[in-house]
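Single-letter residue listing:
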Amino acid sequence: MANSKKGIALAVALAMVLMGVLAAIFIQPLEAATSSLALSGDALLEEAFKFIKSIGIWFMLMLVAFLMLFIKKFEWGVCLAVLLSAASSFITYMAIQEFYFGNEWTSQMMVQASVAAITYVIAIGVFLGTVKQWHYFIGGIAFAIVYAAVEWIVCNFELFGTLTTDPGGSIMVHMCAAYFGLGVCLVLRVKDAFQEPMYTTTHSVSFVWLASMLLWVLWPCFVCGSLGMEDFALGAATCYMAGLGSIVSAYVVCMVCQKKVNPLTYTYAMLAGPVAIGAPLLSVNPWGALAIGLVAGAISAACFIYLQPWLCNKLGVLDVMGVHNLHGMAGWTGAFACAVVLFISGNVDGGLADIVMAVMIFAISLIGGAITGVILKLAKGKPMEMFSDDYDFIKNEEPEH
Amino acid sequence: MANSKKGIALAVALAMVLMGVLAAIFIQPLEAATSSLALSGDALLEEAFKFIKSIGIWFMLMLVAFLMLFIKKFEWGVCLAVLLSAASSFITYMAIQEFYFGNEWTSQMMVQASVAAITYVIAIGVFLGTVKQWHYFIGGIAFAIVYAAVEWIVCNFELFGTLTTDPGGSIMVHMCAAYFGLGVCLVLRVKDAFQEPMYTTTHSVSFVWLASMLLWVLWPCFVCGSLGMEDFALGAATCYMAGLGSIVSAYVVCMVCQKKVNPLTYTYAMLAGPVAIGAPLLSVNPWGALAIGLVAGAISAACFIYLQPWLCNKLGVLDVMGVHNLHGMAGWTGAFACAVVLFISGNVDGGLADIVMAVMIFAISLIGGAITGVILKLAKGKPMEMFSDDYDFIKNEEPEH
Amino acid sequence: MANSKKGIALAVALAMVLMGVLAAIFIQPLEAATSSLALSGDALLEEAFKFIKSIGIWFMLMLVAFLMLFIKKFEWGVCLAVLLSAASSFITYMAIQEFYFGNEWTSQMMVQASVAAITYVIAIGVFLGTVKQWHYFIGGIAFAIVYAAVEWIVCNFELFGTLTTDPGGSIMVHMCAAYFGLGVCLVLRVKDAFQEPMYTTTHSVSFVWLASMLLWVLWPCFVCGSLGMEDFALGAATCYMAGLGSIVSAYVVCMVCQKKVNPLTYTYAMLAGPVAIGAPLLSVNPWGALAIGLVAGAISAACFIYLQPWLCNKLGVLDVMGVHNLHGMAGWTGAFACAVVLFISGNVDGGLADIVMAVMIFAISLIGGAITGVILKLAKGKPMEMFSDDYDFIKNEEPEH
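Chains X, Z and C, in that order, give the protein sequences.
Counting with my numbering, you get residues 1 to 401 for the letters of the first sequence.
Counting with my numbering, you get residues 1 to 401 for the letters of the second sequence.
Counting with my numbering, you get residues 1 to 401 for the letters of the third sequence.
So here's chain X without its partners, still in its complex pose (with noise of 0.2 Å):
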């Protein structure tokens, strides 16, 4: 017994040397990404920059995980999932701009595959716990694809003869999330997920209350991923503001609907203004995105309450994370706020484009999650145990006295 498991792990620890060594010859040594040794001044400064907003943005990318492992009995596949996820979205999607679309590796596009990957995290925060592990996996490949799509269009198609302005993502990043991962969710309709209890404890829910706190510190690098770095300033001062906003009005919400505060409903929802603010980031003040961050906040924390089991009973599948409230949600409200904001200052081609824009983006997420969930089906296999680290970890837990 011992000794066939040897021999499987030698012969995949082989393959793998063979893998290597393979990729070592055809990938030669090489000159490329050392593009930036030219570099000086305010272009390697903004080369500089990449790399910490990179660091920032995976930094992001992990905590979403804690985010989402409030559930005692599911903490460490929530991680492991997490983890295999950005692994295939990542480097599909690098792979998809060098290989495909012919780009060379550059510090930008690593940023943009950073966000790739943790749109696609958040993605899977819809069906978190009803498939297996290697099926995140596979989902990210799936997702990368689907992803590349939907950043060129926002990125280069024009409507009304305008680009979009979406410079953190609301549409981008958040709308695709919740789509893409809605429509997994709808393909696999996995009903008992419904009749699960999700019991929490003290600690689970602390890990919950620190990733959304840093992660609300984090998000400027996230939504100054793909921008300058003369908008630094403005965009971070919205977005705090923004987040303030939502701090606020959630907490407002919560005690005016349920007298007390929903930990799972107000960690989210505080983080409803800086999911709002991507798309008006650059065209507010930081009063006005304060504005902004309130109404969005408002929004996520009534929509955890009311929207949550009404949509999840309309649509008979469960939002396990409640994505849908927070990025959804609060992705439309960024939309429409920018538009407000664009009609204000008379650019109204510019708002109609950002509403049009979101309803495509709606669509296309919403569709490609769907066929995604097919391929999940198909790749089914056996039942197992939702919502359980016991599927699959080896646990040595002190045995009860």
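Everything labelled a hint here was simulated from the structure, so no lab data went into it.
Wrong hints could be hidden among the right ones.
The list treats identical chains as interchangeable, and a pair is accepted whether it falls inside one copy or across any two copies.
In silico lysine-lysine, DSSO-like type, Cα no more than 27 Å apart, as pairs [stated by the list, open to error]: (1) Lys260 / Lys72; (2) Lys380 / Lys132; (3) Lys395 / Lys73; (4) Lys132 / Lys314; (5) Lys191 / Lys314; (6) Lys72 / Lys259; (7) Lys259 / Lys395; (8) Lys395 / Lys260; (9) Lys260 / Lys73; (10) Lys73 / Lys191; (11) Lys132 / Lys191; (12) Lys259 / Lys132; (13) Lys72 / Lys395; (14) Lys377 / Lys260; (15) Lys260 / Lys382; (16) Lys73 / Lys380; (17) Lys382 / Lys259; (18) Lys259 / Lys377; (19) Lys259 / Lys380; (20) Lys191 / Lys72; (21) Lys382 / Lys72; (22) Lys260 / Lys132.
Keep in mind the model is a prediction, meaning the values are calculated, not measured.
Once you've looked at the hints, dock chains Z and C against the given chain X.
Same frame as chain X, now just chains Z and C:
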């Protein structure tokens, strides 16, 4: 019932939308805050670093919450209190600067506002858990006014013909925080706080370790908050060396005085070096900073063990998080250490200025805190359950079998 | 009683104050370390990045503590050990550089010192929990001497007429850490360590996930620690791609060999890619790095499963945290991968230099560790309780009803 709640939620949401629209109309989409557009070279680099420092200080602010959540039955409430405190103090500080002093919104001002917010978050530690959540919000408004005054005085008021030497905020931040909090606490006089058991668990204290260790790491962002880039190298060197000093001496004092380490003494006292180095940050070399850190850590640990019970008994109020032992005592240590260094280097006026300024800030903060305490007392309302998440939050724990 | 304790505390405090005053007198307030004052442009940017890298590496150092606190009854002790280790190794390293080698205190030296400190923190993982807290402090002094020698050799000693290729520290950091720790462990010979149960809980392991995932994210700060800014782009690209490789292959090996994932194998082995990429960091392109990461993750996971029990049994000592499986084995992998890449690109001397250097560092670290082990053994004193917070800390848990 459910309908009336939906009505309320709708009303709240509508009110906020209205507020948002109003804000968007009155505060036009602006070109301000984009003054960095014209920057390049060293100026752009400075600007970029303010972006990073902002994030670093906000990160620390959130970690302060986790530094304070060792009471197992009162973890989430600490997080919520920190968020509401940060929101009101940051927004009010910014409003004062922009609308009262007439300053333009800049990245440097955002750094200062985040310092103001973290100062208030430290201050609430003194009375944390003894007032209602929305009191922290109200208190933040009052605090921002006091802090704006304190900041103005420290930065502009000459004593003995010289400005105060406090680049890293030993006096302006830490003493202000400790004595403002104590001022509030002295007026509130919540005697019952002494009776409350404050049981910890392994993991609630592990969160405190995490917070303390990461705060220690991020401290250079904070002490270099208002410095130019050319002082970062020395600031980071002295900050870390002082921190290493208190890591060692706090351990020694804990072991000598109590034979074992009380984690809730050590995790705080190990931060005394970085607190105390604030004032002499740029006036000593790294080895001098190590010495100051050794002294500060020893003093702070000894204060947790001996001063805290005596002082709380004397004052008749409980310093819930022991804020005074860290920020108060290490603040004084920093002010005196800086004075000693200035004396040695022949700058007697500078040394005296630091000591007199420390006394002034002590008085102003205490009085400002007391006035805020009166406001909170007037707003007190129904009695509440202290140090309790049950009072504020909806829980979803597994029923015991 | 209480008085005598107060007396001791007073004495300690006084001694430290005295030490502080002496330090302040002997080491004058200085102008040194402010040499950056004259910098501007690219040089100032380099300097600024050293500030950020310092913080990043210290952040990782603290996370290493959380990577090692999965044993529920031994969490706080790990944190304290890490802090004391970091303090003594950092301070000693700096003292050696400044007072022995006569180097000026610079930002670059601080980055190197933080690398030295994290290397020692990794090393203590081998014998963590089997010695007393102050032993970690003593060991850090010895380690800093060994490491200063190792660093000098790797950076200056030519083999086959060429310097070693190890920009990201596969050999200098990871192999040094693993074999220094093993050297200590072999001399200490704490046989009882095998008998100790090491029970985990959901949340103690969730902290490990947090640490592992964030270490993964921050790794570019570490591998780019001694690089110029122009190499950051490639360094970050290969580091992340190698990391994605080990995320995937560690999972595959865990599932193939054990049907389920052991989180204490996976959370470590997923870091093998970033460890192994240290040597070939700038010699491969991102896809080559992915291949190396795949290989390293597979090897490391297989070593946790098969090599660890066999080796520990053979050596008669327990590698408590499995340091050798991650840092030792992935270090070798990195050295050989780099050699292979150099061979392929025709640089046979360079390849041989890497392998011979790896063997040399293996030997030097092992011997240095063994000598340190002898010192610790001489200082051993009374027997202690292993892997236990109760031995070191005062607790305040709720009494069971």
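Hint check:
1. In the homo-oligomer, the alpha carbons of Lys260 and Lys72 lie at most 27 Å apart both inside one protomer (22 Å) and across protomers (19 Å), since each shortest distance falls under that limit.
2. Proximity of Lys380 and Lys132 under a CA criterion of 27 Å is satisfied intra-copy only: 8 Å inside one chain copy versus 50 Å between copies.
3. In this homomeric assembly, Lys395 and Lys73 come within 27 Å of each other (Cα to Cα) both inside a single copy, at 12 Å, and across copies, at 16 Å.
4. Taking the shortest Cα distances, Lys132 and Lys314 sit within 27 Å of each other inside one copy (26 Å), while across copies they are farther apart (38 Å).
5. In this assembly of identical chains, Lys191 and Lys314 lie within 27 Å of each other by CA distance solely inside one copy; the values are 12 Å within and 52 Å between copies.
6. Both within a single protomer and between protomers do Lys72 and Lys259 lie at most 27 Å apart by alpha-carbon distance, with minima of 25 Å and 22 Å respectively.
7. Taking CA atoms no more than 27 Å apart as the test, Lys259 paired with Lys395 passes between copies only; the shortest distance there is 13 Å, against 39 Å inside one copy.
8. In this homomeric assembly, Lys395 and Lys260 come within 27 Å of each other (Cα to Cα) only across copies, at 10 Å, whereas the closest approach inside a single copy is 36 Å.
9. In this assembly of identical chains, Lys260 and Lys73 lie within 27 Å of each other by CA distance both inside one copy and across copies; the values are 25 Å within and 16 Å between.
10. Within a single copy, Lys73 and Lys191 get their C-alpha atoms as close as 20 Å, which meets the 27 Å cut-off; across copies the closest is 35 Å, which misses it.
11. When the C-alpha separation of Lys132 and Lys191 is checked against a cutoff of 27 Å, the pair qualifies only within one copy, where the shortest distance is 16 Å, while the shortest distance between copies is 41 Å.
12. In this assembly of identical chains, Lys259 and Lys132 lie within 27 Å of each other by CA distance solely across copies; the values are 13 Å between and 38 Å within a copy.
13. Proximity of Lys72 to Lys395 under the C-alpha cut-off of 27 Å is found in both arrangements, the shortest distances being 14 Å within a copy and 13 Å between copies.
14. In the homo-oligomer, the alpha carbons of Lys377 and Lys260 lie at most 27 Å apart only across protomers (22 Å), although the nearest pairing inside one protomer, at 40 Å, exceeds that limit.
15. Taking the closest pair of Cα atoms, Lys260 and Lys382 come within 27 Å of each other only across two copies (15 Å); inside a single copy the shortest separation is 42 Å, beyond that limit.
16. Taking the shortest alpha-carbon separations for Lys73 and Lys380, only the intra-copy value of 22 Å comes in at or below 27 Å, while the best inter-copy value is 40 Å.
17. For the homomeric pair Lys382 and Lys259, the shortest alpha-carbon distance between copies (15 Å) is at most 27 Å, but the shortest distance inside one copy (44 Å) is not.
18. When the C-alpha separation of Lys259 and Lys377 is checked against a cutoff of 27 Å, the pair qualifies only between copies, where the shortest distance is 22 Å, while the shortest distance within a copy is 41 Å.
19. For the homomeric pair Lys259 and Lys380, the shortest alpha-carbon distance between copies (18 Å) is at most 27 Å, but the shortest distance inside one copy (42 Å) is not.
20. Taking the shortest alpha-carbon separations for Lys191 and Lys72, only the intra-copy value of 21 Å comes in at or below 27 Å, while the best inter-copy value is 36 Å.
21. For a Cα distance limit of 27 Å, the shortest separation of Lys382 from Lys72 inside one copy, 24 Å, qualifies, whereas the shortest one across copies, 35 Å, does not.
22. For the identical chains of this complex, Lys260 and Lys132 are inter-copy neighbours only, at 12 Å across copies versus 36 Å inside a copy, given an alpha-carbon limit of 27 Å.
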